[in-house]
Amino acid sequence: MLLLEDVRKTFIEPNGHLLPVLDIPRFALERGEQMVLLGRSGCGKTTLLHCIAGISSVDSGAISLDGVNLARLSEPARDRFRAARMGYVFQTFNLLPAFNALENVLLGMTFARGKRDVVRARQLLDRVGLSHRSTHTPRTMSVGEQQRVAVARALANRPILLLADEPTANIDPANQQRIVDLIRDTCREERISLLMVTHSLEVANQFDRVERLETINRAVGLAVAAAAKSSTSIAAGDSGAAGDSGAASHAGAASHAGAASGGFPNALRGGGSGAAPPPAGGSPGIPADAVPERRREERT
Amino acid sequence: MSLWLIAWRSIRQRGLASLLTAASMALGVMLVVAVLSIMGVIQQSFRTNATLGYNMIIGARGGKLQLTLNTVYYLSTPIENVPYDYYLEFLPRAKRDAERAQSLQAAAQEERAALLELQSLVAAVGGGPALEEGASLSGANEPRSAAAGSDATVPAGASGKNSAVGLAEAVHRLALDAADRRQLDNQRDGRFSQFTKTVVPVGLGDYFGPFRVVATRPVMFDSLRYGERGDRQYVFREGRNFREHSEEHGLFEAVVGATVARERSVRVGDRISVAHGDPDGAGHGEKFTVVGVLAPSGTPNDRAVFINMAGFYLMENHAKPLEKKAASPDAPRESAAEAEARVLAERQARSAVVHDQEHGFFQPLPVEQREVTALLVLTTSPTVTPGLTNVINEGGAAQAVLPVAEIVGLFELFVRPVQTLLLVLTGMICVVSGISILVSIYNSMSDRRHEIAVMRALGASRNTVMGIILLESIMLSLGGGGAGWIAGHALNVAASGPIERETGVSMGFFDVAPPVNLLELLGVESRLSIGISMELLLIPALVALAIAVGFLPALSAYRTDVSRSLGS
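Heads up: the protein sequence lines correspond to chains A and B, in order.
Once you know that position 291 of the first sequence is 291 in this note's numbering, the rest is easy, because the numbers rise by one and skip nothing.
Once you know that position 75 of the second sequence is 75 in this note's numbering, the rest is easy, because the numbers rise by one and skip nothing.
Be aware that a few hints might be false.
As the list claims (entries may be wrong) - Listed next, with one range per pair, are the computed distances between beta-carbon atoms:
no.	chain 1	residue 1	chain 2	residue 2	range
1	B	W4	A	D117	51 to 57 Å
2	A	R158	B	G508	53 to 59 Å
3	B	I547	A	P14	33 to 39 Å
4	A	D117	B	G523	48 to 54 Å
5	B	S446	A	P14	17 to 23 Å
6	B	R12	A	N205	41 to 47 Å
Just so you know, the hints here were simulated from the structure itself, not pulled from any lab data.
Positions of the beta carbon are idealized from the N, C-alpha and C atoms, including for glycine.
Let the sequences and hints guide you as you build the complete structure.
Next up, the structure:
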């Protein structure tokens with residue numbers, strides 16, 4: 001149902017150099033399938049979700065959902081498609097503070113179809129156990145409650161794909177399992193495909209399919225190499241351009257994440273395969289003007 | 001959930017900033033509304049009041065605008081007077097005859113008083129010609145030939161007699177000359193009567209406190225109508241209209257306007273005296289009895305006192321001095337004794353009037369000694385008005401003025417530029433208020449970028465988020481504008497009192513600026529006219545302003561980088 005083929009995305013760093021973040025030859029997710037994607041910080045997990053959701057565009061390749069290639073859609077068409085067919089649960093919930101719980105759920109419907117289904121919204125709030133809090137604003141709710149509202153909002157338009165970006169990262173351990181169960185059960189009941197990104201091994205261990213981004217994204221290795229090179233330059237006293245510090249931070253993040261990845265259990269299928277080979281197109285040293293203008297996205 | 005609600009929630013989210021921004025816009029709109037409606041209502045009232053049942057003013061030659069302001073609004077000072085005869089030219093034969101007969105009767109009474117005085121003088125000096133009272137009276141009552149009284153000066157023959165006889169003859173001759181002048185010149189309709197539906201004479205120049213006194217005739221309130229359509233009759237809140245002559249008060253009845261009654265605490269039955277020349281001038285001795293108080297009409301008449309014109313003429317300094325006929329070169333000059341006799345005769349005539357008033361009977365002033373400040377004329381048809389105006393203006397004795405044209409001219413020349421200047425200034429205040437909306441929304445964008453990104457991630461298009469920002473701007477602008485409209489009209493009501501006191505124009509809360517031709521405003525040349533109040537035009541103007549100032553932050557929302565903003 002979800003199929004990524006030869007997807008590539010490159011950021012332009014402040015110093016003008018290109019930084020490949022996604023290079024995925026192939027990735028697929030079946031209808032109703034639930035999977036977890038593990039990866040180090042900065043390895044492109046959120047970028048991948050943004051590209052799948054159509055929030056960001058890819059430089060090349062195809063992202064097909066239910067037979068529709070998002071990469072070929074115009075931005076307004078992607079917006080409409082996302083609103084109608086996808087749900088998105090953010091790490092920081094991202095509820096709008098001016099609206100109460102019910103209205104936050106209805107917002108997604110407004111943007112998707114222009115009309116709201118209050119009954120459906122109330123059912124969803126009931127399902128996440130917040131029917132008694134429907135008129136409360138996010139400020140008056142606990143983080144666990146906020147995330148449950150966010151889950152209800154993501155499911156409002158009966159999506160076929162739910163993207164969850166570290167949904168338990170900001171939640172206390174007591175509530176983490178409740179959120180995961182809620183998401184998984186709902187997706188299972190409504191036959192919604194689930195692609196969840198997480199750092200939590202406890203969460204990942206509950207899924208039948210767990211992938212490490214490094215295994216499917218060949219650009220991760222290039223990022224690590226670029227970070228290493230940048231660190232060497234700083235150690236040699238090269239003050240460098242402003243972008244060097246950005247690269248250094250990437251390096252730090254990548255090194256840290258790499259250390260963390262060493263702790264992944266062997267039981268995780270596809271894990272620990274290391275960096276993928278360099279991509280055919282683009283490298284940290286490629287000048288920006290070597291890439292067509294429409295494919296660039298500056299990263300600051 | 002509508003985009004309006006989303007925009008409204010966003011405004012509420014930033015309550016204080018939104019309130020201050022809207023208040024800024026409200027201030028600007030309040031000033032615009034106040035200027036528009038005050039100027040507009042005054043303009044409308046000026047035009048409406050310029051047709052208080054008449055469409056032409058006849059007055060002495062001079063400034064047309066001064067005549068209009070003085071006659072319609074009781075502002076400025078009178079130019080001069082026109083002879084009462086001119087008024088008679090607007091009357092049909094029957095009314096002219098009545099006026100003349102009344103005048104002859106007055107002349108006969110005057111002569112009788114003079115003869116009685118003469119007889120007493122002759123008796124006092126013990127000699128002189130025997131005078132038959134009956135013969136003199138009959139002579140005065142009959143129309144006299146022009147030859148009989150052609151010489152108004154005292155004959156030189158008096159010098160051959162003793163002083164008492166000379167004095168008596170002089171007084172006798174004066175009385176006869178006065179009667180001669182009052183002969184009916186002919187029996188005919190007035191020259192302008194066939195074009196005249198209603199004519200109202202007014203005499204101005206006196207004051208009751210700060211208010212103008214208008215000497216006129218009862219027809220003022222019996223026939224004239226006021227209001228925008230000219231169909232409203234003057235109503236007496238208390239009492240009745242004054243009469244030409246009443247058994248109770250004779251010629252000295254008065255009616256006061258609503259404002260005068262309120263501010264001077266005047267009621268029916270009060271006796272008032274008026275001052276001559278200016279508000280602080282010397283008071284006349286005669287007192288008028290108030291017989292009616294007008295209900296408020298919103299016209300300048302609320303601020304005036306109306307007295308019977310016949311009584312007005314009998315007050316001191318209101319009688320026009322009789323002109324001596326031009327003496328022929330051969331005629332002897334008036335001696336000191338003769339002049340003294342003439343002054344004595346005039347003084348006796350005055351004392352007779354006072355004596356009459358004190359004893360409850362009155363005689364009107366002869367026509368020759370009357371003048372009017374202006375005539376309010378309603379012509380029989382608008383088509384005759386231009387021709388009548390030309391005839392009168394070419395005649396030289398008086399001028400005819402069309403009050404509506406004068407008022408419109410005044411506005412075009414003076415008031416409209418001032419109004420335009422005020423509008424520009426207040427419009428600039430609105431623009432500044434609009435800029436404050438821009439600053440407020442634009443500054444909030446950095447905080448709201450994350451929210452916008454979330455909306456985008458939920459499926460809102462760039463145009464949708466741009467629309468939400470524009471709606472916010474429009475709501476702030478219209479909300480502030482609505483509050484400003486209410487405040488502006490409240491200001492109008494607050495200012496209504498002083499304006500009414502100064503101009504006689506009253507303003508209500510819902511009095512809006514008068515309509516303008518929309519097509520003309522848009523520069524479209526057409527015979528069609530689409531009247532719309534300038535205040536209604538504020539709505540599209542505010543929306544346009546809101547879109548203009550909201551465009552920059554809306555564009556910023558449009559350009560929001562969702563991916564980056566979601567991570568912030």
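Comparing the hints with the structure gives:
no.	hint	verdict
1	W4(B) x D117(A): 51 to 57 Å	violated (19 Å)
2	R158(A) x G508(B): 53 to 59 Å	holds (58 Å)
3	I547(B) x P14(A): 33 to 39 Å	holds (36 Å)
4	D117(A) x G523(B): 48 to 54 Å	holds (50 Å)
5	S446(B) x P14(A): 17 to 23 Å	holds (20 Å)
6	R12(B) x N205(A): 41 to 47 Å	holds (45 Å)
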